[in-house]
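Enquirer: Quick mapping for you: the protein sequence lines, in order, are chains A, B and C. Heads up, the first sequence is in our numbering, so the first residue is 169 and it goes up one at a time. Heads up, the second sequence is in our numbering, so the first residue is 33 and it goes up one at a time. Heads up, the third sequence is in our numbering, so the first residue is 26 and it goes up one at a time.
Don't read these hints as lab results, they were simulated from the structure. Keep in mind that a hint or two might mislead.
[What the hints assert, rightly or not] Counterexamples of contact, computed for chain C against chain B with all Cβ distances above 12 Å:
#, residue
1, Asp30
2, Gln58
3, Arg251
4, Gly259
5, Asp263
6, Glu278
[Unchecked claim] Residues from chain C shown here face chain B by an in silico Cβ test under 10 Å; the list is partial:
#, residue
7, Met75
8, Leu80
9, Gly111
10, Glu113
11, Ala115
12, Met116
13, Gln119
14, Leu125
15, His126
16, Gly132
17, Leu170
18, Pro174
19, Cys193
20, Arg194
21, Val199
22, Tyr262
Built from N, CA and C at the ideal position, the CB exists for glycine as well.
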Amino acid sequence: MTLVSTTTRPRRRVPEALRSPLTVVGVVVAAGWLLVVVLGPLLQPADPLAQSPDRLAPLSAAHWFGTDSLGRDVLSRVIAGARISIPLSLLLVALSASVGSLLGAVAGLLGGVVDEVVMRLADLVLAFPTIILAMVVAAALGPSLTNAVIAMLVVTWPQYARVTRSLVLGARDREFVVAGRLLGIGWFTSLRRDVVPNVAGPVFALTTLDFGNAILLLSGLSFLGLGTVPPTPEWGLMVSDGVQNFTAWWVAAFPGLAICSIVLAFNFIGDALRDALDPRMQKAVGSRAL
Amino acid sequence: MPRSGEPLTAEVAGAATVPPAPRRGRHPLLRYVSIRLGISVLLVWGVTLVTFVMTNLVPADPVTAVLGDAAAADPEVVAQFRRELGLDRSLPEQYLLYLQRLLHLDLGTSAQTRRPVLDDLREAVPATAELALFVLLVSVVVGVGIGVFAALRHRRFADDVVRVVSLVGISAPTFWLALVVFYVGFYRLGWFPGSGRLDTQLVPPPQVTGFMTVDSLLAGQTATFVNALAHLLLPGLVLTLYTVGLLARFSRSAVLDVLNQEYVTAARAKGLPGRVVTFRYVLRGALLPILTVVGLSFGSLLSGAVLTETVFVWHGLGQYAYQAATRLDLQAVMGVGLVVGVTYITINFVVDLLYAVIDPRVRRQ
Amino acid sequence: MSDADGLRISGLTLELRGQRILDGVDLVAPAGQVTGLAGESGSGKTLTGMTVLGLPPAGSVLGGSIEFRGTDLLTLSARQHNALRGEELAMVFQDPTASLHPMISIGGQLTDHVRHHLHLGRAQARARALEVLEQVRVPDPAQALRKYPHEFSGGQLQRIAIGIAIACRPSVLVADEPTTALDVTVQAGVMRLLRDLCDELGLTVLLITHDLAVMSALADTIVVMRHGRVVEHGPRYDVIRDPQHPYTRDLVEALPDHRPRPTGGRP
Chain A
169 MTLVSTTTRP RRRVPEALRS PLTVVGVVVA AGWLLVVVLG PLLQPADPLA QSPDRLAPLS
229 AAHWFGTDSL GRDVLSRVIA GARISIPLSL LLVALSASVG SLLGAVAGLL GGVVDEVVMR
289 LADLVLAFPT IILAMVVAAA LGPSLTNAVI AMLVVTWPQY ARVTRSLVLG ARDREFVVAG
349 RLLGIGWFTS LRRDVVPNVA GPVFALTTLD FGNAILLLSG LSFLGLGTVP PTPEWGLMVS
409 DGVQNFTAWW VAAFPGLAIC SIVLAFNFIG DALRDALDPR MQKAVGSRAL
Chain B
33 MPRSGEPLTA EVAGAATVPP APRRGRHPLL RYVSIRLGIS VLLVWGVTLV TFVMTNLVPA
93 DPVTAVLGDA AAADPEVVAQ FRRELGLDRS LPEQYLLYLQ RLLHLDLGTS AQTRRPVLDD
153 LREAVPATAE LALFVLLVSV VVGVGIGVFA ALRHRRFADD VVRVVSLVGI SAPTFWLALV
213 VFYVGFYRLG WFPGSGRLDT QLVPPPQVTG FMTVDSLLAG QTATFVNALA HLLLPGLVLT
273 LYTVGLLARF SRSAVLDVLN QEYVTAARAK GLPGRVVTFR YVLRGALLPI LTVVGLSFGS
333 LLSGAVLTET VFVWHGLGQY AYQAATRLDL QAVMGVGLVV GVTYITINFV VDLLYAVIDP
393 RVRRQ
Chain C
26 MSDADGLRIS GLTLELRGQR ILDGVDLVAP AGQVTGLAGE SGSGKTLTGM TVLGLPPAGS
86 VLGGSIEFRG TDLLTLSARQ HNALRGEELA MVFQDPTASL HPMISIGGQL TDHVRHHLHL
146 GRAQARARAL EVLEQVRVPD PAQALRKYPH EFSGGQLQRI AIGIAIACRP SVLVADEPTT
206 ALDVTVQAGV MRLLRDLCDE LGLTVLLITH DLAVMSALAD TIVVMRHGRV VEHGPRYDVI
266 RDPQHPYTRD LVEALPDHRP RPTGGRP
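Could you put the whole structure together from the sequences, leaning on the hints where they help?
Expert: Now the structure itself:
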């Protein structure tokens, strides 16, 4: 073990973070789900939308995960759900990271009134619990997938804006950036060469951690009937079917486990990325005294 | 920085007089408190603006939502309704009206319950507050406890266990966890009551605080108290799992940060016993960030409450908000938004005040 | 104090994650003298200091010996070492704003270890704290005890940190870059204080610094380290005037020729 750490000095960052068994588990599970997204229909034993009179049937050889209240195959629906929840959450995170980072960067670079307006707006959004605000926005816009994404965007951009703004402010005042500007490097070049690389890493780590939140938020809204609409095989929606029929535990158990596993996987990865990026975490801590 | 005379020689001599205390603000603490209060008031004003704008810019027409399609077809009825709500005025006017009514504690009338929103909230808020306080109490003790413990055992087995458990806590969807707990605790084992705040055959105690547990004790109804407590356990467990995960994670990283501080090394270099270093130096240093997170966790607790209350048919703020939002009951939505926002801001204000109590840097200067 | 209160480090090695960071350090630090430990960052000088205190990084594998009063510090149990730490072996850190706890009063930080090590009561510990603050020339000691670190300037704070270090009347004081974080204007005062304390109390001072100018002003003996090894060891005058090792020569030549000698005035 000690030998490895000294011989793999270059390219330390990712390998060191990846060495933790938890991270490996996270990567494997996430890769597995990605495979499910890609292969999707090939893996489904049945049509996820096909109803049958065989309602709320327990686990069997025909239906490994049982059937739901309309006699649909739960396994097929969980697999089909991956193709909805995962791409949608990726999209949401990408959107909210772009919008939030852009607003944060603009606020940090321009300062003044723009900064005040953007950041106070962020404060206000953050003064409301996420799901309550998203719920209200989604309800007001009407239940549909697009509206749910808009509602989630409204509540998720501020954290990116905050992080990016503080990173931009930090990077802007760093000596090498100031030196570059003094040497006559243009505003845009300075931004691209010095500021962006300093911001990109932490924002990326944040998106990884946030992906889990996006899945939870999306499925939560759907669970409340404010996200995706039936008969879409969305995980949150499937769990809400399980509330009505809670005696048939399999209806809700499997989609719930699906959410758990992918969120957990991404949180493992996100944690490792954050630790790798945060130099404070790398310092050896502890000594005999404690 | 020195302004006049020969500050340099004085400094070199090492006998420099203590820098003159800043003249402005004779009571730095008072100044700090008033600034924080001012910010809080501004934020509350912002919240009224947000709730108002949000509920007025919605594309959905509240008239149809409230009156139903049949009545909405009658222009007479619609005009009457709009006048009643002041919907025929301009937006700024409407906002001023709204503020005016707020000052009189008039939150409007709920379209779904046909009652003043304030009265609805008077019933819903204590239900959620009871749940939330119960959860917060347990979570702070457990969550902060295991987070600190994990940090002190950094990179050892206990640390890994806490990391995984807390991650599982925040990764499991609340609504699903609620269902699992409901299924196992109520349906399968039958150890706990499933839904509501009290068994239906029991008469609720007279409302004093709105907390079932407290009110039943005040009324001297022990059986009711036990029942109310039992009803709290399952939804409480769901929310606790999440909040414990959150608090454990943050406490752990806060303590790890402090362990890296030089003043901890310095405390060890003084030869103080390990427990003194831990309690006097490390934990005191980590107190501020932990306090901040406890304040913040209240928001996520409310989010969790919305989802949990739906499963456990807990007639609290979350369920009320959900019903109001899905039925476009705008007055109720605005009321909930206001209560939630103001609560959140108040909690942050209290946290700011506690900062001043704990940290001399805030207290002085 | 007798010569036995000095430190003798022989063949000290330290390995961390398979890397040898200290590679056989030999030095003698006699009592009543300032022994300077010079070298660039990463040369192992700070680690040597921390090892004397018994606080090497977690996971260090140590070898060699550190002799103090006839015992080898490296053979002590954690508990025994902790008992010596603060009472006999003390340390001053580079940046007093980082090494003092921002939320504990000066009085608290000056007395907690005194009460622990010397078994003093609250009042006695306070009396000792006042005495120490006089000794390190902090004005208005009674008032200072009630204040918090952020209410002092860097120079004052470092004096207080030195006060904390000497409060239990230790024999050995490890000072790790004690002036580096301070304004140039107050550096001289702190250096003079260290010199005076060393002379008055007969302290064994191990002064760690990368700054040869500080070193030449303060140290009796200079030890130059590089790559975890001692490359030069001798009286200050000899090492500065006539460096033997090429690395020391480079260091000395890097000194600005007309660097004003610190002349810290007396208070």
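Enquirer: Are the hints correct? Go through all of them and say.
Expert: Structure-based check of all given hints:
The Cβ of Asp30/C lies farther than 12 Å from every Cβ of chain B, with a closest approach of about 17 Å, so its non-interface assignment holds. Once the 12 Å rule is applied to beta carbons, Gln58/C is consistent with being away from chain B; the minimum gap is 21 Å. Residue placement check: Arg251/C keeps its beta carbon more than 12 Å from all beta carbons of chain B (closest about 25 Å). Non-interface call for Gly259/C relative to chain B: holds, since the shortest CB-CB distance, roughly 29 Å, exceeds 12 Å.
Distance to chain B confirms Asp263/C as a non-interface residue, since its nearest Cβ pair spans about 29 Å, more than 12 Å. Remark: the non-interface label on Glu278/C is consistent with the geometry, its nearest Cβ contact in chain B lying 28 Å away (cut-off 12 Å). Of the supplied interface hints, the one on Met75/C holds, with its beta-carbon coming within about 8 Å of a beta-carbon of chain B, less than 10 Å. At its closest, the beta carbon of Leu80/C sits 6 Å from a beta carbon of chain B; the interface hint therefore holds under the 10 Å criterion.
A least Cβ separation of about 3 Å between Gly111/C and chain B falls short of the 10 Å threshold, and the interface hint therefore holds. Here the hint on Glu113/C is kept, as its CB sits about 9 Å from the closest CB of chain B, short of 10 Å. With its C-beta approaching chain B no nearer than about 7 Å, Ala115/C sits inside the 10 Å limit, and its interface hint holds. At its closest, the beta carbon of Met116/C sits 4 Å from a beta carbon of chain B; the interface hint therefore holds under the 10 Å criterion.
A hinted interface residue such as Gln119/C counts as satisfied when its beta carbon comes closer than 10 Å to some beta carbon of chain B; here the least separation is about 8 Å, so the hint holds. Hint status for Leu125/C: holds, given a least beta-carbon distance of 6 Å to chain B, under 10 Å. For His126/C, the suggested interface contact is upheld, since its CB lies about 4 Å from the closest CB of chain B, less than 10 Å. Proximity of Gly132/C to chain B is violated relative to the hint, the smallest CB-CB distance being about 12 Å (cut-off 10 Å).
Because the closest C-beta pair between Leu170/C and chain B is about 13 Å apart, greater than 10 Å, the hint is violated. A distance limit of 10 Å between C-beta atoms decides the matter here; for Pro174/C the minimum to chain B is near 9 Å, and the interface restraint holds. Taking 10 Å as the C-beta cut-off, the interface hint given for Cys193/C holds, the closest approach to chain B being about 8 Å. The interface hint given for Arg194/C is broken, as the beta carbon of that residue sits about 13 Å from the closest beta carbon of chain B, more than 10 Å.
With a cut of 10 Å, the hint placing Val199/C at the interface with chain B holds, because the nearest CB-to-CB distance is about 8 Å. For Tyr262/C, the interface hint is violated, since its Cβ never comes within 10 Å of a Cβ in chain B; the closest pair sits about 25 Å apart.
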